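Keeping their order, the protein sequence lines are chains Y and F. In terms of my numbering, the first sequence has 43 at position 25, counting the first letter as 1, and numbering is strictly consecutive. In terms of my numbering, the second sequence has 276 at position 280, counting the first letter as 1, and numbering is strictly consecutive.
If you are wondering where the hints come from, they were derived from the structure by calculation, not from laboratory data. All figures in this text were calculated on a predicted structure; none of them were measured in a lab. Worth double-checking, as some hints may not be accurate.
Claimed, not checked - EDC-like cross-link-like pairs, simulated, lysine to aspartate or glutamate; straight-line CA separation at most 20 Å:
1) F:Lys139 x F:Asp288
2) Y:Lys23 x F:Glu176
3) Y:Lys190 x F:Glu468
4) Y:Lys93 x Y:Asp291
5) F:Lys444 x Y:Glu25
6) F:Lys446 x Y:Glu25
7) Y:Lys177 x F:Glu468
8) F:Lys178 x Y:Glu25
9) Y:Lys31 x Y:Glu48
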Amino acid sequence: MMKNKQELYKVLKNGLGFLFFLTVLLLTFEKGLAWLVRQSDSGKTGKINLIMAHKIDPEILFMGSSVAEVGFNPKLISQQLNKSTYNAAIDGTTIIQSQFVINEFLSYSQNCEEIVIGLAFFSFGDKDSMTEPSRYLAHFSNKYTKRTIRNISPNLYYKLQYVPFYSFTQVKHTYYKNAVLGLKNIISGKQLQADKLNGFMPHNTPWNGERIDSTQFGNSTAPLSELTIADYGDIISQIKQQGIEPILVITPMFINGQKLFRNYDKYIKTVEDLALRNQIKLYDFSKSAIVNDAANFYNNGHLNSNGSHLFSSQVADSLEYLSPNNQ
Amino acid sequence: MLFNSLEYLIFLPVVLILFFITTHRFRWVILLVASYYFYMSWNPTYLGLILFSTLIDYIAGRKIASSQKAFTRKAFLVLSLTVNLGLLFFYKYFNFVSSEVIKVSHLLGYNTGSYIHQFILPVGISFYTFQTMSYTIDVYNGKTKPEKHLGVFAVFVSFFPQLVAGPIERAGHLIHQLRENKVIYFRNFQFGLIRILWGLLKKVVIADRLAIMVNTVYNSPDNFAGWQLIFATIFFAFQIYCDFSGYSDIAIGTARLFGVRLMENFRTPYLSHSIGEFWHRWHISLSTWFRDYLYIPLGGSRVVKWRWYYNLFITFVISGFWHGANWTFLMWGAIHGGILVGENMLKQNKLNLQHFPTFFKPVKVFWIFCLACFAWIFFRANSITDAFTIIKNMTNFSQPLADNLRGQILYLGQPLWRFAGSIFLIVSLISLEVLINKKKISEIHLIKQKTFIRWSIYCLLVTIILMFGVFELDEFIYFQF
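Go ahead and model the full structure; you've got the sequences and the hints to work with.
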């Protein structure tokens, strides 16, 4: 009996001691990593970090997913309009999924006049998962980040919130890579700053107009979820409440790509209705001359450097034409 | 509920606490409820099968032991075997046999209807039916006494650490442990924890990582050739080893927390010098089961030579078929059986490779690994046709190892760092296995270290699992058997 008690004491002492040791170690590691990742200004994580750390405040901010990321050339638009610009679009992530970035930006921005939202045929699909948590998990303590994750993926939110060290299971190698880059920035004393292209990610791959594989728009119906459309309406209202003008842009899609969709016209009409309902500007590039030439794209939906140059010039023209000085 | 799931992380400590705060008399209730809950987390409807099998084998065991009449004893043994093999056949082989019969009758010009049923294979059925069959056979042969307590017997059939994928325990080894009054023993916790962590690491860091590349290649073998197929096959060899031995490690570690010692299922099998040795080191609980309940009853090696070779071969063919209702598994078993027969023929002709000098050993290990890999092609391929396509394309080295997919250089569908990382993991595993094989490292060595060193190693393992693990909750490969 006595021996049994001694063993029980040993198990409890060692078990609790080890758990404490492990918890302190992993907690330090987890928090330390997140802090280092937040110091990185590289790639998509860098874009999020810049806004979450209030390091950029352009007059025109571009938002959206990959079509916006490779489409809007901020430097070119900046030169034409003489206004500061930044492309905060992140591939694979619609503005519903990156709402926390917009919310944080709206909470501090003093200079912003316009937020341009680039749209594509997939923008109004149902969103029930977050893309690449590695990009934003370092900001999980931020209230907007928590709200966005909870709205889109409650399951992920509760696990991240209540399961110790769950974040480790969600991050990819890019997270650790950004931690190393963040450490490099700290050692070299470099402050977080926007990259040379202001968030623009040009793509130079040539394309001859053929469908490359089935992963590219294999579905012939553009998703048009009522819930997602309503969420877009909410985001637009929030932007307007801050005195910033939201502008919708239907980004160019190669004409043969448009034909793959049975309801492409309905998608255009949905965006028009959204703009009309919220009384905001809409620039529709779905019928622009850009869409007729495969040389402007690197696949059906994404502009290459050549196409983005033409597109950005035309976006700048539109913004210039409709600016208060010209009305 | 998977061993590598969050649910299990909560389930295990709860059961452990309940087990040790309950008096010895009622601990079987905790283990039984926990085991049935564990099983029901997959599919509650199939609990009835375990209950049925348990009840039949319990009654059969009691009747076999109590009856003096040879006929009655034999009748109850036949009843037990019929029920267990019947369940196994119905759920695992019926569709396969039915579709093959239909194919043959079509060839003969008969137009038979389809007799495919839509049942999902109950998890672990191959394991617990084999475990209970061994019980009734052992009782019949007088090797073990029948268990009087239905509850303890039910725990023996359904003990959750080894219920769904073994090790397949023998009544003589497990039941008395379940009856013992277990006390908390610190060593058991140390041993259990290290085995669980090591098993988890093998499963989520190595096996699940390799699975991504193996699946890419084996699900479309026509698109790959040469080195790509060779690497994919080597990766599968380590995937299945880490997946299954990882599961066994977690099972052994979990059982040890409750003071129960399960049998070892793997002993560094890829360091074997012959296929015979390989089967003394790979899935030991199954190979010894087939040895004791099939190979020896067939006559084993104490028969004329041709009959001995036949016994060996047929045992392995049936062992292959145990893994699944597919010609690929049958072929896998036949290859192993064939090689083993060949090895024994060479031994008989004094051409035993074991007589070669020591420096030749690494070459033998490599050769046996190559043979095992060749057999794995059939085990992993989705069909016999795919397996032959892979073998045919393996010698076609016109295609480079890396593919260029829209400007992205991919190795078996993955970037270079992931491919190289997998090779690094395999080399690290082999190095550790060599040390384990030479008894340079073991759980005992680790347990004897100072607290700080031990805790640092545990923490390192946890961190590696969290940082490099794949957490898409892939089931363990052997669950499908």
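Results of checking the hints against the structure:
no. : hint                : result
1   : F:Lys139 x F:Asp288 : holds, 12 Å
2   : Y:Lys23 x F:Glu176  : holds, 18 Å
3   : Y:Lys190 x F:Glu468 : holds, 13 Å
4   : Y:Lys93 x Y:Asp291  : violated, 31 Å
5   : F:Lys444 x Y:Glu25  : holds, 16 Å
6   : F:Lys446 x Y:Glu25  : holds, 18 Å
7   : Y:Lys177 x F:Glu468 : holds, 14 Å
8   : F:Lys178 x Y:Glu25  : holds, 12 Å
9   : Y:Lys31 x Y:Glu48   : violated, 25 Å
Hint compliance for this structure: hints 4 and 9 are broken, all remaining hints hold.
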